[in-house]
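Just so you know, the protein sequences line up as chains A and B, in that order. Per the numbering used here, the very first residue in the first sequence carries number 1; after that it's consecutive. Per the numbering used here, the very first residue in the second sequence carries number 444; after that it's consecutive.
Hints are not guaranteed to be accurate.
[What the hints assert, rightly or not] From the structure, some residues in chain B lie toward chain A, with a derived Cβ separation under 8 angstroms:
no., residue
1, Met454
2, Tyr484
3, Val517
4, Glu547
5, Phe581
6, Tyr605
7, Ala608
8, Ala642
9, Lys731
10, Phe752
11, Phe759
12, Thr761
13, Ala873
14, Phe874
15, Leu876
16, Leu883
It should be emphasised that the hints constitute simulated quantities derived from the structure, not laboratory data. Built from N, CA and C at the ideal position, the CB exists for glycine as well.
There are 2 protein chains.
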Amino acid sequence: MTDAAHMPGTMPNAYVAGKGNLSKEDQSLVDRRKRAMGPAYRLFYETPVHLVRGEGVWLYDAEGRAFLDTYNNVASVGHCHPHVVAAMARQAGIFASHTRYLHETVLNYAERLLAHFPAELCHVMFTCTGSEANDLAFRIARAHTGGTGFIVTENAYHGVTYAIAGMSPSLGSGVDLGEHVRVVPAPQSHAAAGEDTGATFAAGVRAAIADMQRLGIKPAALIVDTVFSSDGVFTDPKGFLAPAAQAIRDAGGLFIADEVQPGFGRTGDAMWGFQRHGLLPDMVSLGKPMGNGYPVAGLVLQPRVIEAFGSKARYFNTFGGNAVAAATAMAVLEVVENERLMDNAATVGSGFAAGLRSLAKDHAGLGALRAAGLFLGQDIVDADGRPDAQRAGKIVNRLREAGVLISATGPKGHVLKIRPPLVFSTENVAFFLERLEAVLKAD
Amino acid sequence: MTDAAHMPGTMPNAYVAGKGNLSKEDQSLVDRRKRAMGPAYRLFYETPVHLVRGEGVWLYDAEGRAFLDTYNNVASVGHCHPHVVAAMARQAGIFASHTRYLHETVLNYAERLLAHFPAELCHVMFTCTGSEANDLAFRIARAHTGGTGFIVTENAYHGVTYAIAGMSPSLGSGVDLGEHVRVVPAPQSHAAAGEDTGATFAAGVRAAIADMQRLGIKPAALIVDTVFSSDGVFTDPKGFLAPAAQAIRDAGGLFIADEVQPGFGRTGDAMWGFQRHGLLPDMVSLGKPMGNGYPVAGLVLQPRVIEAFGSKARYFNTFGGNAVAAATAMAVLEVVENERLMDNAATVGSGFAAGLRSLAKDHAGLGALRAAGLFLGQDIVDADGRPDAQRAGKIVNRLREAGVLISATGPKGHVLKIRPPLVFSTENVAFFLERLEAVLKAD
Numbered sequence: 001m002t003d004a005a006h007m008p009g010t011m012p013n014a015y016v017a018g019k020g021n022l023s024k025e026d027q028s029l030v031d032r033r034k035r036a037m038g039p040a041y042r043l044f045y046e047t048p049v050h051l052v053r054g055e056g057v058w059l060y061d062a063e064g065r066a067f068l069d070t071y072n073n074v075a076s077v078g079h080c081h082p083h084v085v086a087a088m089a090r091q092a093g094i095f096a097s098h099t100r101y102l103h104e105t106v107l108n109y110a111e112r113l114l115a116h117f118p119a120e121l122c123h124v125m126f127t128c129t130g131s132e133a134n135d136l137a138f139r140i141a142r143a144h145t146g147g148t149g150f151i152v153t154e155n156a157y158h159g160v161t162y163a164i165a166g167m168s169p170s171l172g173s174g175v176d177l178g179e180h181v182r183v184v185p186a187p188q189s190h191a192a193a194g195e196d197t198g199a200t201f202a203a204g205v206r207a208a209i210a211d212m213q214r215l216g217i218k219p220a221a222l223i224v225d226t227v228f229s230s231d232g233v234f235t236d237p238k239g240f241l242a243p244a245a246q247a248i249r250d251a252g253g254l255f256i257a258d259e260v261q262p263g264f265g266r267t268g269d270a271m272w273g274f275q276r277h278g279l280l281p282d283m284v285s286l287g288k289p290m291g292n293g294y295p296v297a298g299l300v301l302q303p304r305v306i307e308a309f310g311s312k313a314r315y316f317n318t319f320g321g322n323a324v325a326a327a328t329a330m331a332v333l334e335v336v337e338n339e340r341l342m343d344n345a346a347t348v349g350s351g352f353a354a355g356l357r358s359l360a361k362d363h364a365g366l367g368a369l370r371a372a373g374l375f376l377g378q379d380i381v382d383a384d385g386r387p388d389a390q391r392a393g394k395i396v397n398r399l400r401e402a403g404v405l406i407s408a409t410g411p412k413g414h415v416l417k418i419r420p421p422l423v424f425s426t427e428n429v430a431f432f433l434e435r436l437e438a439v440l441k442a443d
Numbered sequence: 444m445t446d447a448a449h450m451p452g453t454m455p456n457a458y459v460a461g462k463g464n465l466s467k468e469d470q471s472l473v474d475r476r477k478r479a480m481g482p483a484y485r486l487f488y489e490t491p492v493h494l495v496r497g498e499g500v501w502l503y504d505a506e507g508r509a510f511l512d513t514y515n516n517v518a519s520v521g522h523c524h525p526h527v528v529a530a531m532a533r534q535a536g537i538f539a540s541h542t543r544y545l546h547e548t549v550l551n552y553a554e555r556l557l558a559h560f561p562a563e564l565c566h567v568m569f570t571c572t573g574s575e576a577n578d579l580a581f582r583i584a585r586a587h588t589g590g591t592g593f594i595v596t597e598n599a600y601h602g603v604t605y606a607i608a609g610m611s612p613s614l615g616s617g618v619d620l621g622e623h624v625r626v627v628p629a630p631q632s633h634a635a636a637g638e639d640t641g642a643t644f645a646a647g648v649r650a651a652i653a654d655m656q657r658l659g660i661k662p663a664a665l666i667v668d669t670v671f672s673s674d675g676v677f678t679d680p681k682g683f684l685a686p687a688a689q690a691i692r693d694a695g696g697l698f699i700a701d702e703v704q705p706g707f708g709r710t711g712d713a714m715w716g717f718q719r720h721g722l723l724p725d726m727v728s729l730g731k732p733m734g735n736g737y738p739v740a741g742l743v744l745q746p747r748v749i750e751a752f753g754s755k756a757r758y759f760n761t762f763g764g765n766a767v768a769a770a771t772a773m774a775v776l777e778v779v780e781n782e783r784l785m786d787n788a789a790t791v792g793s794g795f796a797a798g799l800r801s802l803a804k805d806h807a808g809l810g811a812l813r814a815a816g817l818f819l820g821q822d823i824v825d826a827d828g829r830p831d832a833q834r835a836g837k838i839v840n841r842l843r844e845a846g847v848l849i850s851a852t853g854p855k856g857h858v859l860k861i862r863p864p865l866v867f868s869t870e871n872v873a874f875f876l877e878r879l880e881a882v883l884k885a886d
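Modelling step: build the complete structure from the supplied sequences, incorporating the hints.
Set out below in structure tokens:
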């Protein structure tokens, strides 16, 4: 069983109603969800996990069972981090209002956040979600370039608004891409062939630009998740993104780095994924880990790209940059800095990768590994070395039974996606590897 | 000075850089904002207000000066309500994660919220902002109807995503409307002429439908803010919306009630603005007051409209419906119910309207008043009874100096928009009226 196990665009690791081994209580919750929330929601796992508590890297189900969270890049500084919870509660008790009044909290945060960026990226705008940040980038790119064409990778995910769902082919064929959106092969298509990843990826971008121009579509931007999370995690060689960024700029378009997945130190070597590639984006979108669960996100940009938009349009997001969002995000940044979580991601991530490579020597099912800090993509392959989505799905579900949470990704659904909270320890890695080995042996 | 004082689409009550009477400290904050947040943000007032604390209906500036908040429909149950802050902090310390795991908090809230709707509206989907809720409604309406045409009122505001900014003419001519968006006159265009508001409004909708159909555009939906907040506040006669809703349905489109402004009891007579009009929307979007400042929003809908979308697409919003969002929104709903805030809105709002009407007898500048509960729109007119945006702006700024916060609205910018937290008291009304009278006398 290989590719056929995974239909492109279907969600890896989705619960299928009527299957799984649910307790009576959990079945009742599933039924209530269906009734109250309708048919568009999806749960994870053959047997969904019913969670009631989180602390650090651990999540607990209703029966008190512990799960090692090796998947959650929202609770990046650890579930329910006391410093973050306290900062949020304190500010919520004092003042919560928005950016049409002066309040210092949002400015203090904006300045502290921008200090982590190259000097050219010196404005930040606040939204509530990564989707909203990318949607704002979409609007700004159109205003700045006068173009309408956007380029994304073949299994990209950038968000759920109408415009951004239309730039997220990983949502599947049931969600139409935008008329002026072009997809290009993700880096992995070429890595195996031993080609120059950067040159080949840029060639794909140039071909998409040529196709647009032939149809009279002016390019507005190339947007990529700088670790290519939903494409299967592609992090190396460092620098491979630079030629593609140059290609879109040569055509008058912008380069947008979607840092919702890799941002805030996860890759271990830098705060932002684009920094692996020695380039300077025009805009950088931020999301998930920014508030450790509080809905706060943002768009960092170079002043020249917002000039056209700012001269004719205003931007207001009722909750974006409110005082509680700012205080919470500030607390998260403090933890990232004070607990040296970027360094931790580098050290622990490096050991994690080494452990997986070591395990792969004894288990043919473990194929190529791509990793940067605490973002790891582990291919699962069949006896002939071909992508094996069914086996990946089985591993994900057996790990869940063994008390470890991860998921699968990639257009073929055969890549284990591993991205734990950044407070993950060497002991947590050992626990993960022990459970994974047991699952592989039982296979 | 009348209309010329307000350019359509410019923001009423926006701070103009270099004007106003700012303290050195506040000027420094303004400068820091510009540097860190760029040119697209706007502040309120000739002299911006620098806020540091909120409690109930009061906001306090950096010098300890109190302002009566008569404008904030986000902090609907009062600034920093202790029950809401406590619920948020408690849940954030226990578990914060999302809807791909089972957790009961979101179901308990979903069911309690849906109990406030007619039985047909029995699904709710969670987002973080009203913009995201309307954007989701946009996607669902397209999937359900196969149409692409949307109808909005001439000065509508529905949100800031690309698709929804394109349906928000109040953002001004610098923001293009969507290609398949048609604007119709808001109810007020006809009220003065003594026409049948419902019939005339529906005629506008039918004309827009005919225009679309002539161009081969299939109508998808009519969406209205059911109190027409940015159009100038239009609440009566009750029932006037029904013929327009029928018109869009006759053309195969949906009727979407945007309850971000009127929802959660503000109109005093019902939880939702659409209920004034004796009709049943296909979808209802919720936002601002839902979490009293916490970024939570949602879309309530009839199951048949989500069938097409749900059969081919999935919906996931990382923070939407997370456990903290659900617990916080639940606490807000508990306060609305337990403190009987809808009844309070009816009683206090009724006294507020009576007080304004009484004041208008002595002050020619106060023109027509439209009000439902604690949502009031007070026209400001010149000596000839014509809309006077400059005078409205002056009143807004003089009230700010007198310690009362409101703003102006409408396509001509001459309508005082008054929508205080729902915990507003009769004493607060007396305070407001006293200050307003002083401002009018000094005029």
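Status of each hint after checking the structure:
1. Met454: holds, 6 angstroms
2. Tyr484: Because about 6 angstroms separates Tyr484(B) from the closest Cβ in chain A, which is inside the 8 angstroms limit, the hint holds.
3. Val517: At 6 angstroms from the nearest chain A Cβ, Val517(B) passes the 8 angstroms test, so the hint holds.
4. Glu547: holds, 6 angstroms
5. Phe581: Status holds, d = 6 angstroms.
6. Tyr605: holds, 4 angstroms
7. Ala608: holds, 7 angstroms
8. Ala642: violated, 33 angstroms
9. Lys731: holds, 6 angstroms
10. Phe752: Phe752(B) check passes; min Cβ-Cβ to chain A is 6 angstroms, inside 8 angstroms.
11. Phe759: holds, 7 angstroms
12. Thr761: Hint on Thr761(B): holds, closest Cβ of chain A at ~6 angstroms, below 8 angstroms.
13. Ala873: violated, 24 angstroms
14. Phe874: violated, 20 angstroms
15. Leu876: With Cβ-Cβ at 24 angstroms, over 8 angstroms, it is violated.
16. Leu883: violated, 25 angstroms
The structure fails to meet hints 8, 13, 14, 15 and 16 from the earlier list, while all remaining hints are met.
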